[in-house]
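There are 2 protein chains.
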Amino acid sequence: MNQDYIKADKWSIIEEGFDQENVKSSESIFSIGNGAMGQRANFEETYTGETFQGSYIAGVYYPDKTRVGWWKNGYPEYFAKVLNAPNWIGINIYINDVALDLATCKKVSGFRRELNMKGGIYTRCFQAVTSNNVEIDVIVKRFLSLDIDEVGAISYNVKVLKTDAKIVFEPYLDGGITNEDSNWDDKFWNITNITSANNRAFIEAHTMKTNFQTCTFMQASLHYNGKEVSPKPADRSESFVSIKFEQNVKANESVVLTKFGGYTVERNHPNKELTSVANLTLDKVSDLGFESLLEKQKASWASIWEMSDIVIEGDIKAQQGIRFNIFQLNQTYLGTDSRLNIGPKGFTGEKYGGSTYWDTEAYCIPFYMATKDDKVARKLLKYRYNHLEKAIANAKKLGFFNGAALYPMVTMNGEECHNEWEITFEEIHRNGAIAFAIHNYYRYTGDYSYIPEMGLEVLIGIARFWHQRVNFSEEKGKYVMLGVTGPNEYENNVHNNWYTNYLAKWCINYTLTQLDKVKSGYADDYHRIIGKTKLTDRECEKWKNVADEMYFPYSKKYGVFLQQDGFLDKDLVRVDELPKTERPINQKWSWDRILRSPYIKQADVLQGFYFFEEDFSLEDLEKHFDFYEPFTVHESSLSPCVHSIQAAKLGRMEQAYNFYLRTSRLDLDDYNKEVEEGLHITSMAGTWMSIVEGFGGMRVVDDKLSFKPQIPNQWKAYSFKVNFRDRIIKVHVTSENVSFQLIGSKEVSIRVNGKKVELFPDKLITV
Amino acid sequence: MNQDYIKADKWSIIEEGFDQENVKSSESIFSIGNGAMGQRANFEETYTGETFQGSYIAGVYYPDKTRVGWWKNGYPEYFAKVLNAPNWIGINIYINDVALDLATCKKVSGFRRELNMKGGIYTRCFQAVTSNNVEIDVIVKRFLSLDIDEVGAISYNVKVLKTDAKIVFEPYLDGGITNEDSNWDDKFWNITNITSANNRAFIEAHTMKTNFQTCTFMQASLHYNGKEVSPKPADRSESFVSIKFEQNVKANESVVLTKFGGYTVERNHPNKELTSVANLTLDKVSDLGFESLLEKQKASWASIWEMSDIVIEGDIKAQQGIRFNIFQLNQTYLGTDSRLNIGPKGFTGEKYGGSTYWDTEAYCIPFYMATKDDKVARKLLKYRYNHLEKAIANAKKLGFFNGAALYPMVTMNGEECHNEWEITFEEIHRNGAIAFAIHNYYRYTGDYSYIPEMGLEVLIGIARFWHQRVNFSEEKGKYVMLGVTGPNEYENNVHNNWYTNYLAKWCINYTLTQLDKVKSGYADDYHRIIGKTKLTDRECEKWKNVADEMYFPYSKKYGVFLQQDGFLDKDLVRVDELPKTERPINQKWSWDRILRSPYIKQADVLQGFYFFEEDFSLEDLEKHFDFYEPFTVHESSLSPCVHSIQAAKLGRMEQAYNFYLRTSRLDLDDYNKEVEEGLHITSMAGTWMSIVEGFGGMRVVDDKLSFKPQIPNQWKAYSFKVNFRDRIIKVHVTSENVSFQLIGSKEVSIRVNGKKVELFPDKLITV
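So the sequence lines, in the order shown, correspond to chains A and B.
Its first residue numbered 1, the first sequence is counted upward by one per residue in our numbering.
Its first residue numbered 1, the second sequence is counted upward by one per residue in our numbering.
Chain A with its partners taken away, still in its complex shape:
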């Protein structure tokens, strides 16, 4: 843990007291988003202290020129960067002609931020003595509407204490923004038009190179004593437009600026209509007004929580952690658009180009399947189908052929956004996760249609890749896979990473099985796909041979599969034998030392045991868990959740609970000393899995949901809901019993601790 200033609360994230040191961290933690756009919790008014300004529009990116020390063949020349967009939240405030700036105020007291997750609203308040000695009391509310997702709303209330004061509000739009995370300080935006009329303003701008057309817009109104104050004519410069309101405010009276703003983008509207659509949107929200829009917001969040909330009794920090995770996932991605995906930092920062990692398939899809519905997960799968041609092109660039597909390590539009050879070219297990997600989707939803319609083509491209990526070792008499990086990125360029080899074998076999299934059940699709891919029986036989003759490193002595060739040559000192001063090794050790060590960043062999647990006995799991976990440093946000699930499965609840705490409060407590760069969105789905799959023991077995619920000692009870094939099942676990409630009209049978249990609509069953 690196910080503990966030107050524990069941439904809110709260900061109290103004500390400039925390500003960037809080800007991340208090970020708001609505799936279509999002922002860091930057102050609306001027702030001259340390800040990281960021406003992001889903799907709007820039192809930044690659920067490396040493170029390696195969790197992308350009890759998509998350792009800071024109700022619409800004409101300069002048009090007796001096800009309000918390960094220069003589005194700031009662500073409080609250991100209320129940209603999706962010409130900030403070009292200040300005540098020119005016005392004020400020309350600012802000939210991004879930209902009208192109718009956000701000209510900025200033009360003047003790003396009268002249206050000028200058709400503005600013297109003169830069990216913190840019390689070459390129100019990213080209502003084509700035217009304003009355209390509205618009900046039309498109991104350079990618040419995404956008309109950033705002409307502002000022009320004093119930009366609307007229704006002055707008101020405009090359990249900036503002509206000014001036008001003499009497002591102990308040003035309120209401600002609506947001973006219209060409993904949703014709280019030429962006400004007119923006105008219509402003008409709509100003008709509604701030309070009504806020009521809708609360209702919309209530409906999200209705399905996705996890209630934990008796452990307020754990409760706050899981809700923060669920809240952030929903702020980032709502499943409404198959062109979008779940960025590693969502709308909370810029680090890492691109938006889509294997995290989506390995961690996020289960969350969205269970808390939304089939359609959302299907959109996430379709996203990859839409990128298949680019994955084939990517593989071709690296020397593969015949339609072999290598999905990028991270991407925005299907093209690779990474440039580190040991990751970009070698961390190829990501391809397997994409195939696994297809299996997982069908297993959970029972919807087979995706496979003949789209999935099988993806699977064929992936199987082809694995077939070409191995080579036959005369020495071993088996197929080997050289030069890979497994999920444990503390090993690079290893040979026969067990997880990758296992996944490759599984992908081939799964593809062959689906080919048979589609052939017999979906003849038209089968012929279409065979025609398109030119797949022959001979090729399938070759694949099969690779799968059958795949090499797996194994230690007879320890009775475990080895993470990779040569793992036992390492100096096998357990993590708990390392001095604390050496941890985290990714900050204390040189890279070569990390590579030579046995230390594991995140589940690697154990990731395979997670994905394919039905292939292994509990004894196998225990043996591998006991062998690998002691070498695992969990220095990836994706590590604790898988280990939490497996520890729970092994009945080690204390260990499972500790892993849970680490994953759920990673950002709130800033374990990795980097939260100011943004939040770890995708690992938040892992937190959800830790509870549902870990403590709840939920699995899908033979088309049925199965549970083996346990509860950490620290908790009184916990409950969650899952949507399984249009049945919503609410699970409530206490240390005494477990109850199940089926919400809906159709009965369903589940398994609890291996025994069949029938659930009937709206009837509570306690086990």
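Honestly, I wouldn't trust all of these hints.
For identical chains, the list gives no copy identity; a pair is met inside one copy or between any two copies.
What the hints assert, rightly or not - Pairs of lysine-lysine, PhoX-like flavour, derived with a Cα cap of 25 Å:
#: 1; residue 1: K478; residue 2: K556
#: 2; residue 1: K476; residue 2: K556
#: 3; residue 1: K351; residue 2: K588
#: 4; residue 1: K478; residue 2: K557
#: 5; residue 1: K390; residue 2: K379
#: 6; residue 1: K187; residue 2: K65
#: 7; residue 1: K580; residue 2: K397
#: 8; residue 1: K351; residue 2: K65
#: 9; residue 1: K72; residue 2: K580
#: 10; residue 1: K72; residue 2: K351
#: 11; residue 1: K118; residue 2: K166
#: 12; residue 1: K534; residue 2: K544
#: 13; residue 1: K673; residue 2: K351
#: 14; residue 1: K588; residue 2: K397
#: 15; residue 1: K72; residue 2: K390
#: 16; residue 1: K557; residue 2: K476
#: 17; residue 1: K298; residue 2: K187
#: 18; residue 1: K396; residue 2: K534
#: 19; residue 1: K763; residue 2: K272
#: 20; residue 1: K397; residue 2: K673
#: 21; residue 1: K730; residue 2: K708
#: 22; residue 1: K588; residue 2: K72
#: 23; residue 1: K162; residue 2: K623
Bear in mind the hints are in silico, worked out from the structure with no lab data behind them.
Owing to the predicted nature of the structure, the values given are computational and were not obtained by experimental measurement.
Mind docking chain B on chain A? Use the hints.
Frame of chain A, contents of chain B only:
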């Protein structure tokens, strides 16, 4: 081969005809240097075509901020970059007020460059019709004085044909230069003073951060019809100073500008005297005049050639190649200053930070020992001794301790100048080459004094590093070395690279032997060193244990040591089975594909067989050569020479000859399509070894020189001289016989084809 425009000639490098496409390539090839400074063959006059401008001062560098895509712990924050220095060669020439510029002339004919290696002078001539229709005939001569190495001289002769013309010469100094190879476009130079008086000018400037003080200076004079033309007052700007001469020149008459210029640097003079020393230097050279200075230049080069020339009869391209190699080595480093070293591109380009690679120890020292004297090689060794503390600090940064030393991959001042983890942290065999050079120096020169005085401390630091770098593998019951890159950089992060393990074992054993020797023969030094290093017998025992129990990968099936663990798992397709279209693989293949392949960039196992050939039988060599050479793509400039030597040793003269041609004409024929970036200086010493050690079969065995001369079929004869322990032995080889001539006063016994031969002063012995 990528180009063939260089004319074959025994003593000169010649280009005929003006082709803008060749300008950058020729700027590299026709570079001149004198060990203290050097320049690319940029035109003196304006040139608006594609050009790569470069002037370099030995030992003057800039700490450029590291640029990487992804930071790895242990990278240096800054590293030294070769630095383009203020330009003193420039002469703007205006003909009837229009700048002479070969890129815009209406016609250029008779263009010819000649770099005469015998005398160290570069001549360029051409006729041109200028853009304003004046016909001129130009001859420019330029050289950098070996005798007064702070100065160079230019004679710029313009003859006007057909019509009279007004010609303005504007010789200048320009401090407003940039680096092609800079990471962040930093400003590298700070100009502190610009002065001029009569026909002289001076720019005082220091490098930013490193604060190297320099004075760039010039003197110019114009002669027309035997009379000196008076200059106009100097023009000056912030970073530029020039002197103008104006002359109306009659048709068919010539005007000659003579310019002297160069640098004085604080490495050689007190800061405050740089300009006054420059003035004195100009006094000296202007007293001498251009022609006398040139005569001295020829005499100095004659004396270099007297010792170092290799004459090849019957193969003009081979002759030109070896002389070009010897010439460039001498232009780069003359062995006069132990603070300097042999940069990979010498004074011909900027690529690669730093100046010193393991190339110096592995390739260059033998050349300098044999063609100069002990002192030069000793200076190169001392350079590393002077950097020992920094090598210890470098190792410490990576987690080593107790005085373990890791010399940088490349350096200028002892600090690491590389930032690619698989090289910087893993290509650690460089440390062994530094120890090997100490052994090689003593073996060749018989001068043991270096070891007690300095070498032993270096050896202890290196032995300590190896001892800490291995770990004991319980699995193998041996010490293993994980995560290294061998000389074959087409493998990264491998385990138990045979060459590195062998070298480590050798280093430890050699250090232990020297400790004993110094203890018994140099007690004072021994106690000083033990006191300083705190070395204990217990530590030495641990080293010994590592050396004794080192693991070496070996294949029983093939009877060869394996390049690294798992080499036989590769798809062992020989290079000659690869389609030509796939070569060179470093341009045609993605990096991961190269890594997975069996292809070898340069000698790796065979480098060990080269260094330690006495440890292996000829049969062993043959077996390993036959196993590894077929997988070797020779895509490093350092590859063909070692293979040439070994092919010759195995009696495969045709193969040896082909390797020789490739190494000797690498830059002239631009095999690697990159000569425009600069020349490959260090590999040029490998070319010399190919003849002397390869064809000549020269070795030192038991304190005696030994030869096994052979001659390629393509040659009539060849001869070379070596300086061995103050005896100069001239070797002349024809297809019929070999003759030896001892130049000097003391007799010496050598071995020829295993038989002892006594050489007497100035007596020719034919075998």
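Against the structure, the hints come out as follows:
1. K478 to K556: both (18 Å within a copy, 19 Å between copies)
2. K476 to K556: Result: close both inside a copy and across copies, 17 Å intra and 14 Å inter.
3. K351 to K588: Only inside one copy: K351 and K588 sit 22 Å apart there, 32 Å across copies, limit 25 Å.
4. K478 to K557: both (21 Å within a copy, 17 Å between copies)
5. K390 to K379: within (18 Å within a copy, 56 Å between copies)
6. K187 to K65: both (12 Å within a copy, 23 Å between copies)
7. K580 to K397: This pair counts as between: shortest inter-copy Cα distance 19 Å, intra-copy 44 Å.
8. K351 to K65: For K351 and K65, both the intra-copy (15 Å) and inter-copy (21 Å) Cα distances are at most 25 Å.
9. K72 to K580: between (37 Å within a copy, 21 Å between copies)
10. K72 to K351: For K72 and K351, the Cα distance is within 25 Å both inside one copy (22 Å) and across copies (16 Å).
11. K118 to K166: Result: close neither inside a copy nor across copies, 37 Å intra and 86 Å inter.
12. K534 to K544: within (17 Å within a copy, 62 Å between copies)
13. K673 to K351: Answer is within; shortest intra-copy Cα gap is 14 Å, inter-copy 37 Å.
14. K588 to K397: For K588 and K397, the Cα distance is within 25 Å only across copies (10 Å; inside one copy 37 Å).
15. K72 to K390: within (20 Å within a copy, 30 Å between copies)
16. K557 to K476: both (19 Å within a copy, 13 Å between copies)
17. K298 to K187: This pair counts as neither: shortest intra-copy Cα distance 38 Å, inter-copy 56 Å.
18. K396 to K534: within (17 Å within a copy, 57 Å between copies)
19. K763 to K272: neither (54 Å within a copy, 96 Å between copies)
20. K397 to K673: Between copies only: 22 Å across, 37 Å inside.
21. K730 to K708: Classified as within; 14 Å inside a copy, 89 Å across copies.
22. K588 to K72: Between copies only: 11 Å across, 28 Å inside.
23. K162 to K623: neither (71 Å within a copy, 96 Å between copies)
In terms of the numbered hints stated before, the structure departs from hints 11, 17, 19, 23, listed from lowest to highest.
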